[in-house]
Amino acid sequence: PSPSESVIELGPLTLRAYGVMIAFGVVAAVLLSQRRWAARGGNPDDISTIALWAVPAGLVGARAYHVLTDWRFDEGWAQPFKIWEGGLGIPGGIAAGVLVGLWMIRRNGWDQPTLLDAIVPGLPLAQAIGRWGNYFNQELFGGPSDLPWAVEIDPDVAASAGHRGAETFHPTFLYESLWNLGLTLFLVWVDRTGKLRRGALLAVYVVGYLVARLWLETIRVDPATEVGGVRINIWMSIIGIAIAGGWLLVRGRRPEDDSTDDIVGAADSADGA
Numbered sequence: 024p025s026p027s028e029s030v031i032e033l034g035p036l037t038l039r040a041y042g043v044m045i046a047f048g049v050v051a052a053v054l055l056s057q058r059r060w061a062a063r064g065g066n067p068d069d070i071s072t073i074a075l076w077a078v079p080a081g082l083v084g085a086r087a088y089h090v091l092t093d094w095r096f097d098e099g100w101a102q103p104f105k106i107w108e109g110g111l112g113i114p115g116g117i118a119a120g121v122l123v124g125l126w127m128i129r130r131n132g133w134d135q136p137t138l139l140d141a142i143v144p145g146l147p148l149a150q151a152i153g154r155w156g157n158y159f160n161q162e163l164f165g166g167p168s169d170l171p172w173a174v175e176i177d178p179d180v181a182a183s184a185g186h187r188g189a190e191t192f193h194p195t196f197l198y199e200s201l202w203n204l205g206l207t208l209f210l211v212w213v214d215r216t217g218k219l220r221r222g223a224l225l226a227v228y229v230v231g232y233l234v235a236r237l238w239l240e241t242i243r244v245d246p247a248t249e250v251g252g253v254r255i256n257i258w259m260s261i262i263g264i265a266i267a268g269g270w271l272l273v274r275g276r277r278p279e280d281d282s283t284d285d286i287v288g289a290a291d292s293a294d295g296a
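The C-terminal position of the sequence shown is numbered 296 in this note's numbering, with every residue numbered one higher than the one before it.
No lab work stands behind these hints, which were simulated from the structure alone.
Where hints are given, some of them may not hold.
To be verified - Cβ-Cβ distance ranges computed for the label pairs, FRET-style:
# : residue 1 : residue 2 : range
1 : LEU122    : ALA265    : 13 to 21 angstroms
2 : VAL83     : PHE47     : 16 to 24 angstroms
3 : GLU32     : GLY252    : 43 to 51 angstroms
4 : PRO136    : VAL83     : 21 to 29 angstroms
5 : VAL250    : GLU32     : 37 to 45 angstroms
6 : TRP212    : ARG187    : 41 to 49 angstroms
7 : VAL83     : LEU38     : 15 to 23 angstroms
Every value quoted in this text rests on a predicted model; they were computed, and no experiment measured them.
Even glycine gets a Cβ: it sits at the ideal position worked out from N, Cα and C.
Given only the sequences and the hints, what does the whole structure look like? Please build it.
Structure below.
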């Protein structure tokens, strides 16, 4: 069953489980990115510098996306600022975080394609961990299910989603978490093959994540804004897959005359993650 409480009491300190899981995800992503960047001859502190700007930007972008696409205006003017209650739109977080990260890379004159390739696998890793915040908040679940791994949801929460009387549901947060863990490993493997143009790993990540999001949106039962009778995140996923996938097909493969190993050198064999 889902936890009855979404807060963690540590003496006088009260922590929201949702925020704790996001923090764990960020730390894991930073550590992985630092390791990959160091294996390419870079300074691990560069990752920390980027994270100090990109992470807050990602949170703001994720919240803004959620508010713009899924906020009920009868909930009061203060509701958009209550980030601890959940409600982050991953597409907005990705867009804002990446844009600010690219700005930081260019501002400091770092090797953008190589640094991007070092960072990208950490993104789905952060999502895989952060998604467990939805478990504590009892949100983003799928339709009723009697499968062994179905999650029990509070009756009032289930009723608000239009499933009064149902007890167990598809744990879509778990599905996405497992998918993102697999995507992390896949990105590392693809990067090691050396077949992609430097910097193209970001497009692989976008396609990989949005394919899963496209499927998960079809089984989620939480209220969502619709366009033409279709959940808005389905439309956004289709558009994102088309753009990133099209770029990969046209520009993603490493040119035959690109013998540049830049600062990577033989680090692929030494990069253990």
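(request) Please write out, lowest number first, the hints stated earlier that are contradicted by the structure. (result) none
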